[in-house]
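For the sequence shown, UniProt numbering begins at 1 and goes up steadily by one.
For the record, the hints were derived by calculation from the structure and aren't laboratory data. A portion of the hints provided could be inaccurate.
What the hints assert, rightly or not - With a Cα cut of at most 27 Å, we get these calculated DSS-like pairs of lysine-lysine:
| no. | residue 1 | residue 2 |
| --- | --- | --- |
| 1 | K33 | K86 |
| 2 | K33 | K53 |
| 3 | K119 | K33 |
| 4 | K100 | K162 |
| 5 | K33 | K173 |
| 6 | K162 | K119 |
| 7 | K100 | K33 |
| 8 | K86 | K119 |
| 9 | K119 | K100 |
| 10 | K100 | K53 |
| 11 | K53 | K173 |
Stated by the list, open to error - Quick list of simulated restraints, FRET-style, between CB atoms:
| no. | residue 1 | residue 2 | range |
| --- | --- | --- | --- |
| 12 | G141 | D183 | 35 to 45 Å |
| 13 | T104 | A78 | 16 to 26 Å |
| 14 | T111 | G77 | 25 to 35 Å |
| 15 | T111 | R171 | 30 to 40 Å |
| 16 | G52 | K162 | 29 to 39 Å |
| 17 | E148 | G79 | 24 to 34 Å |
| 18 | G77 | D182 | 15 to 25 Å |
| 19 | I25 | K162 | 16 to 26 Å |
| 20 | E51 | Q88 | 33 to 43 Å |
| 21 | T111 | S181 | 37 to 47 Å |
| 22 | K173 | I89 | 38 to 48 Å |
| 23 | D194 | G163 | 12 to 22 Å |
Backbone N, C-alpha and C fix where the C-beta goes; we use that ideal spot for every residue, glycine too.
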Amino acid sequence: MSKIYPARSTSSDSDSLNEIIDDAIPRVLTVWKRSSMSFQGTDGFTVFNGEGKLVFRVDNYSRKNRCLMGGIVLMDGAGNVILTLKPQILSMQFQWEGFKGEVTRRKSSRTPIFSMRRKSRLQRNNEAAEVFMGGSINHVGPSEFRIEGSFRRRSCRIIGPKGEVAAEISRKKVNTSVLLSDDVFSLVIQPGYDSELIMAFVIIMDRICPKPFSPIMCS
1 MSKIYPARST SSDSDSLNEI IDDAIPRVLT VWKRSSMSFQ GTDGFTVFNG EGKLVFRVDN
61 YSRKNRCLMG GIVLMDGAGN VILTLKPQIL SMQFQWEGFK GEVTRRKSSR TPIFSMRRKS
121 RLQRNNEAAE VFMGGSINHV GPSEFRIEGS FRRRSCRIIG PKGEVAAEIS RKKVNTSVLL
181 SDDVFSLVIQ PGYDSELIMA FVIIMDRICP KPFSPIMCS
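Taking the hints into account, I'd like the entire structure generated from these sequences.
Structure follows, in structure tokens:
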């Protein structure tokens, strides 16, 4: 059976040295669309770095719960809350907001650090999305990030403010000829981009581009 995560490194390098290296080269993550918790019916994410270390997780949220009053919580590998992602009212599949830390009902007045929406509400086969930093989803200027390609097919790119590729999603390969299921995919983040923010975009894309029985490429 193939391993989901990359082989663990046997190097004795310190964590601080690894962080310096990570700043200079693309960061390759393996995303497994499965909660690290073994509860039946979980619908989360488990994310490993190149050394096989758990770096992000989303535990025990169910797609059946359409209220999501508490939002979807992105945590680090140790379970510390990084971001809370919440759909805007009456816009479950089209528009979401991201907040720093944990957001409860008492803290619901916080200002989002970003807003994300699908570009087309009418064309369900169009998976393109755009991100506005600072929660300014209604301003007339261009978005800071945009997502192009087919997330459902695990073949898309996150484009940065200047048109550069900030991150790329692709099917996970065991070798040159064998692909894992599309519940396991690679996320390559370019240097200079916040991996926490990029992972938040991925989680929201999973919500606004729900997987159909037969994947449809976006136009």
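Going down the list of hints, with the structure as the test:
{"no.": "1", "hint": "K33 to K86", "result": "19 Å, holds"}
{"no.": "2", "hint": "K33 to K53", "result": "16 Å, holds"}
{"no.": "3", "hint": "K119 to K33", "result": "24 Å, holds"}
{"no.": "4", "hint": "K100 to K162", "result": "25 Å, holds"}
{"no.": "5", "hint": "K33 to K173", "result": "15 Å, holds"}
{"no.": "6", "hint": "K162 to K119", "result": "19 Å, holds"}
{"no.": "7", "hint": "K100 to K33", "result": "23 Å, holds"}
{"no.": "8", "hint": "K86 to K119", "result": "18 Å, holds"}
{"no.": "9", "hint": "K119 to K100", "result": "24 Å, holds"}
{"no.": "10", "hint": "K100 to K53", "result": "23 Å, holds"}
{"no.": "11", "hint": "K53 to K173", "result": "19 Å, holds"}
{"no.": "12", "hint": "G141 to D183: 35 to 45 Å", "result": "36 Å, holds"}
{"no.": "13", "hint": "T104 to A78: 16 to 26 Å", "result": "20 Å, holds"}
{"no.": "14", "hint": "T111 to G77: 25 to 35 Å", "result": "27 Å, holds"}
{"no.": "15", "hint": "T111 to R171: 30 to 40 Å", "result": "37 Å, holds"}
{"no.": "16", "hint": "G52 to K162: 29 to 39 Å", "result": "33 Å, holds"}
{"no.": "17", "hint": "E148 to G79: 24 to 34 Å", "result": "33 Å, holds"}
{"no.": "18", "hint": "G77 to D182: 15 to 25 Å", "result": "23 Å, holds"}
{"no.": "19", "hint": "I25 to K162: 16 to 26 Å", "result": "20 Å, holds"}
{"no.": "20", "hint": "E51 to Q88: 33 to 43 Å", "result": "37 Å, holds"}
{"no.": "21", "hint": "T111 to S181: 37 to 47 Å", "result": "38 Å, holds"}
{"no.": "22", "hint": "K173 to I89: 38 to 48 Å", "result": "40 Å, holds"}
{"no.": "23", "hint": "D194 to G163: 12 to 22 Å", "result": "18 Å, holds"}
In this structure, every one of the numbered hints holds.
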